[in-house]
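Engineer: The primary structure of each chain is shown beneath.
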Amino acid sequence: MANLSNHLMAITVLAYLAAMICYAAEYAFGNRSHIGRAASRPARQLVGAGAPVDAEVPPPDDVVVERPRRDLGKIAGWTAVGLNAAGLLVHLGTLVTRGIAADRMPWGNMYEFILSVTFVGSVAWLVVLSRKPSIRHLGLFVTLVLVMLLGAAGLIAYTPVGPLVPALNSYWFIIHVSTIILASGIFLLGAVPASMFLIKTGYDQGKRRFPYTLGKRVPAAAVLERLTFRLHAFAFPLFTFGALIAGPLWAEASWGRYWGWDPKEVWAFISWVVYACYLHARATPSVKRTTATWIALIGFATMLMNLFGVNLFFSGLHSYANAGGMG
Amino acid sequence: VTAVKEHPTPAATPPPRTNPVWALLRNSWRQLTSMRTALVLLFLLAVAAIPGSVFPQRPVNPERVTQYFAVHPKLAPVLDRLGGFDVYASAWFAAIYLLLFTSLVGCVFPRLLDHLRALRTVPPEAPRRLARLPAHAPEQCRPEDPAAVASSIAATLRRRRFRTVVREQVDGGWTVAAEKGFLKESGNLLFHFALLTVLIGVGFGHWYGWHGNRLLVAGADRGFCNSVTQYDESTLGPRVDPSDLPDFCLNLTDFTASYQTNGIPKSFLATVAVTENGGPAKSRSFTVNDPLRLHHAAVHLLGHGYAPILRYTDRYGQQQTKVVPFLPTDTMLTSEGVAQFPDVNIDPKTNKRDENLQVGFEGVFLPTAATDGSPTSAYPAQRSPALFLTAYRGDLGLDVGIPGSIYALDRGQIASGELKQVDGVRPHELKPGQSWTLDDGTKLEFLGTEQFATLAIRYDPTQPLVLGGAVVGLLGLMLSLAGHRRRIWFRALPGSEPDGGGTLWEAGGLPRTDYPGFGDEFNQLVESTKRDV
Chain D
37 MANLSNHLMA
47 ITVLAYLAAM
57 ICYAAEYAFG
67 NRSHIGRAAS
77 RPARQLVGAG
87 APVDAEVPPP
97 DDVVVERPRR
107 DLGKIAGWTA
117 VGLNAAGLLV
127 HLGTLVTRGI
137 AADRMPWGNM
147 YEFILSVTFV
157 GSVAWLVVLS
167 RKPSIRHLGL
177 FVTLVLVMLL
187 GAAGLIAYTP
197 VGPLVPALNS
207 YWFIIHVSTI
217 ILASGIFLLG
227 AVPASMFLIK
237 TGYDQGKRRF
247 PYTLGKRVPA
257 AAVLERLTFR
267 LHAFAFPLFT
277 FGALIAGPLW
287 AEASWGRYWG
297 WDPKEVWAFI
307 SWVVYACYLH
317 ARATPSVKRT
327 TATWIALIGF
337 ATMLMNLFGV
347 NLFFSGLHSY
357 ANAGGMG
Chain E
132 VTAVKEHPTP
142 AATPPPRTNP
152 VWALLRNSWR
162 QLTSMRTALV
172 LLFLLAVAAI
182 PGSVFPQRPV
192 NPERVTQYFA
202 VHPKLAPVLD
212 RLGGFDVYAS
222 AWFAAIYLLL
232 FTSLVGCVFP
242 RLLDHLRALR
252 TVPPEAPRRL
262 ARLPAHAPEQ
272 CRPEDPAAVA
282 SSIAATLRRR
292 RFRTVVREQV
302 DGGWTVAAEK
312 GFLKESGNLL
322 FHFALLTVLI
332 GVGFGHWYGW
342 HGNRLLVAGA
352 DRGFCNSVTQ
362 YDESTLGPRV
372 DPSDLPDFCL
382 NLTDFTASYQ
392 TNGIPKSFLA
402 TVAVTENGGP
412 AKSRSFTVND
422 PLRLHHAAVH
432 LLGHGYAPIL
442 RYTDRYGQQQ
452 TKVVPFLPTD
462 TMLTSEGVAQ
472 FPDVNIDPKT
482 NKRDENLQVG
492 FEGVFLPTAA
502 TDGSPTSAYP
512 AQRSPALFLT
522 AYRGDLGLDV
532 GIPGSIYALD
542 RGQIASGELK
552 QVDGVRPHEL
562 KPGQSWTLDD
572 GTKLEFLGTE
582 QFATLAIRYD
592 PTQPLVLGGA
602 VVGLLGLMLS
612 LAGHRRRIWF
622 RALPGSEPDG
632 GGTLWEAGGL
642 PRTDYPGFGD
652 EFNQLVESTK
662 RDV
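Heads up: the protein sequence lines correspond to chains D and E, in order. Residue 37 is where the first sequence starts when you use the working numbering, and the numbers rise one by one after that. Residue 132 is where the second sequence starts when you use the working numbering, and the numbers rise one by one after that.
I should point out that these hints are in silico values taken from the structure, not numbers from a laboratory. Heads up, some of the hints might be wrong.
[Said to hold, decoys possible] Pairwise CB distance ranges, derived in the manner of DEER restraints:
#, chain 1, residue 1, chain 2, residue 2, range
1, E, Ser-358, D, Thr-327, 38 to 44 Å
2, E, Gln-449, D, Leu-348, 51 to 57 Å
3, D, Trp-330, E, Leu-156, 31 to 37 Å
4, E, Thr-460, D, Lys-252, 54 to 60 Å
5, D, Val-132, E, Gly-543, 38 to 44 Å
6, E, Ala-226, D, Thr-327, 47 to 53 Å
7, D, Trp-114, E, Thr-392, 26 to 32 Å
8, D, Val-132, E, Arg-542, 50 to 56 Å
9, D, Ala-337, E, Val-359, 43 to 49 Å
10, E, His-267, D, Thr-327, 30 to 36 Å
11, E, Ser-398, D, Trp-330, 45 to 51 Å
12, D, Ser-351, E, Lys-483, 33 to 39 Å
13, D, Trp-114, E, Ser-165, 48 to 54 Å
14, D, Asn-39, E, Ser-165, 58 to 64 Å
The model shown is predicted, which means the values in this text are computed figures rather than measured ones. Even for Gly, the Cβ is constructed at its ideal location relative to N, Cα and C.
Please construct the entire structure, taking both the sequences and the accompanying hints into account.
Structural biologist: Given below as structure tokens:
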């Protein structure tokens with residue numbers, strides 16, 4: 037079962053990689069005009085699959101979805117989404133087999149944690165995509181981040197399957213870790229529209245140097261900015277609960293104090309403060325939206341620091357998340 | 132769809148000249164409570180927290196601070212003066228968060244007053260031209276008269292929990308003004324006041340709480356009672372007197388640990404006999420993640436290890452037995468420790484202690500000695516326990532009065548030659564039950580081991596307050612992020628039909644915060660008022 041999980045993991049990365057190539061193909065060959073039109077159209081809420089259909093809501097009029105024209109870019113785009121979804125299923129399989137092999141929730145070490153965070157990010161991406169098909173072009177960057185993180189998980193953080201140490205054997209393990217995985221996954225996804233918004237804004241201002249050239253075909257800046265905010269506004273309370281309520285509750289039961297400035301706790305605090313900064317900056321009219329979005333990206337950097345940096349550089353009480361099999 | 136400023140500021144009349152000191156104070160206060168300052172302070176707080184994860188912190192791990200001093204002898208004292216080893220208690224960190232919270236108070240109290248005022252005001256009269264609002268439903272006709280239309284619209288709005296006011300106009304028309312979404316600001320204020328509660332809770336918890344660590348060896352005669360002197364290490368809050376500590380005694384009666392085949396622990400269970408307030412002893416068990424909760428204290432299991440039982444027989448045949456905890460150095464419980472016998476080899480005739488005949492043994496204990504002779508344990512349970520000791524004789528240096536580690540011999544004494552290694556360079560191996568006769572005929576016996584548990588005992592009186600504050604804060608946060616304040620107006624005018632009956636009505640809506648879904652909500656609302664009339 038453990039080997040199966042490892043094989044599935046490899047297939048997941050390959051599927052995301054293939055999806056990335058197809059997204060890139062669409063990006064490169066896609067018909068600029070219809071994408072441009074879809075992008076500049078005011079975003080309209082689409083009714084997600086399974087949601088009750090309200091007769092009052094006008095039918096979705098998204099060109100990308102309904103236009104019968106079959107061009108190369110469109111085929112590549114939908115292949116990409118298909119591969120992305122297939123990758124997601126294999127990703128789920130990786131987690132499930134890993135969980136069965138270890139006979140517990142697959143969140144016990146850094147490798148499994150990254151596997152779970154990227155899974156949440158991938159699910160959230162497909163959910164957002166189903167509601168707003170016009171942002172499909174971001175898929176290239178989402179899959180890029182997924183492939184990089186999963187690659188890092190496999191290369192740096194791989195840990196053989198093993199049971200939990202007693203310190204993790206608590207129902208708080210499920211509550212604390214699952215909410216943080218959810219929140220991290222959504223923050224991770226939120227960083228994609230955030231950086232694309234900055235690139236797009238630069239592009240709209242006439243900048244044509246390398247990163248800004250990527251902004252040529254992405255959705256309108258306002259759409260990206262709003263998506264960034266909504267993802268962060270959704271993830272922030274989750275993170276607050278997972279890191280600053282469930283975490284301290286467990287820490288109190290386990291270590292006797294609810295907060296002890298362990299390196300993981302320090303960086304969770306830093307991430308929380310930076311994201312709080314972002315939400316405040318965005319709510320303040322005098323702060324530019326680009327400035328606010330930069331703060332969100334700094335927040336993302338602190339999350340990455342907590343995910344990789346703290347495990348690799350500092351030792352602390354959270355060190356069961358150790359990279360490698362040091363236990 | 133744009134957010135609209137709440138109060139259009141009227142053109143201010145030039146204020147009378149004020150005292151410059153007062154003006155400076157007032158401007159500083161305004162500066163401090165501005166959003167920009169709050170943002171900068173928040174950012175500073177995040178940056179200031181970083182050193183606490185880079186440098187070892189005294190309250191978290193004092194040993195690593197000592198190590199840091201040894202490795203960086205030049206840098207460490209400078210860092211120490213800057214508070215680098217206790218960042219979260221340093222003056223500059225406190226300065227940042229106190230300024231931040233002052234700024235917060237200065238911001239949220241006026242907002243609270245504003246919000247209370249807003250909660251009591253009725254929704255304002257409809258603007259003259261509803262068509263100019265971000266959301267608008269064009270004029271439509273109805274057969275009923277304006278008053279009936281207005282009241283039925285108002286009923287619909289009230290059902291949807293809008294605050295609704297119906298006003299009759301001089302021209303015979305009626306307007307309905309409705310507002311909703313006050314929970315956003317309520318939640319926002321709730322969140323910020325909850326943060327203040329958490330800060331106050333943390334502060335009081337620090338003042339009135341206490342904690343201590345104790346290594347407790349199993350055995351009836353090795354119990355522990357809750358007083359400062361019996362802790363290995365303890366910290367009382369500034370408002371706690373040693374006599375305030377609750378009265379209880381603990382006796383470790385049993386400790387069991389089980390392991391996977393690869394040595395990773397599966398479970399721990401500590402069983403203690405507890406006596407509270409002089410009452411009868413009760414047997415209680417606790418484990419990792421499930422502390423022993425007593426009145427006004429909680430006992431947490433932090434770690435465990437082995438304490439070899441050693442009996443030393445000196446030159447005069449006197450025997451001393453010590454149970455010496457050896458501290459684990461790895462997950463397989465390879466443990467290091469030292470047994471010191473300062474009061475041995477005392478001549479019974481003179482009854483004088485010869486300081487050069489004190490004895491110490493230093494070494495490692497392996498619960499499972501590997502067959503290949505490696506110096507580390509192969510498994511954490513005692514499968515083939517072995518003790519590897521080096522013997523020293525001379526002055527142990529315990530009488531100088533400098534507190535040293537009880538887990539290592541005084542290196543200075545060894546370096547100065549006051550304490551000499553005896554009986555070979557290689558450590559001597561002892562299995563349980565074996566004895567070792569030294570060159571002077573004295574004897575050390577390894578009788579077996581006891582288990583020990585390291586316990587953290589804590590009391591924090593404000594924990595429920597902090598938790599309550601955090602939960603309420605989260606609730607407020609969700610309300611403030613999910614809520615949207617918006618206003619909707621309907622105007623019903625008498626119809627222009629020849630018989631004078633009927634109503635001509637229109638509607639307009641204004642989201643007062645960034646709310647992309649407002650258009651949909653507005654349309655749906657207008658449709659449902661059409662149905663209800």
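Engineer: Evaluate each hint against the coordinates.
Structural biologist: Against the structure, the hints:
1. Ser-358(E) / Thr-327(D): 38 to 44 Å: Cβ of Ser-358(E) to Cβ of Thr-327(D): about 56 Å, so the range 38 to 44 Å is violated.
2. Gln-449(E) / Leu-348(D): 51 to 57 Å: holds (54 Å)
3. Trp-330(D) / Leu-156(E): 31 to 37 Å: holds (34 Å)
4. Thr-460(E) / Lys-252(D): 54 to 60 Å: Since the Cβ atoms of Thr-460(E) and Lys-252(D) sit about 59 Å apart, the hinted range of 54 to 60 Å holds.
5. Val-132(D) / Gly-543(E): 38 to 44 Å: violated (59 Å)
6. Ala-226(E) / Thr-327(D): 47 to 53 Å: violated (25 Å)
7. Trp-114(D) / Thr-392(E): 26 to 32 Å: violated (50 Å)
8. Val-132(D) / Arg-542(E): 50 to 56 Å: holds (55 Å)
9. Ala-337(D) / Val-359(E): 43 to 49 Å: Given range 43 to 49 Å: holds, Cβ gap about 45 Å.
10. His-267(E) / Thr-327(D): 30 to 36 Å: Distance hint for His-267(E), Thr-327(D) holds at roughly 33 Å.
11. Ser-398(E) / Trp-330(D): 45 to 51 Å: holds (48 Å)
12. Ser-351(D) / Lys-483(E): 33 to 39 Å: With a Cβ separation near 49 Å, Ser-351(D) and Lys-483(E) fall outside 33 to 39 Å, so the hint is violated.
13. Trp-114(D) / Ser-165(E): 48 to 54 Å: Holds, at about 50 Å.
14. Asn-39(D) / Ser-165(E): 58 to 64 Å: holds (59 Å)
Hints 1, 5, 6, 7 and 12 from the earlier list are contradicted by this structure; the remaining hints agree with it.
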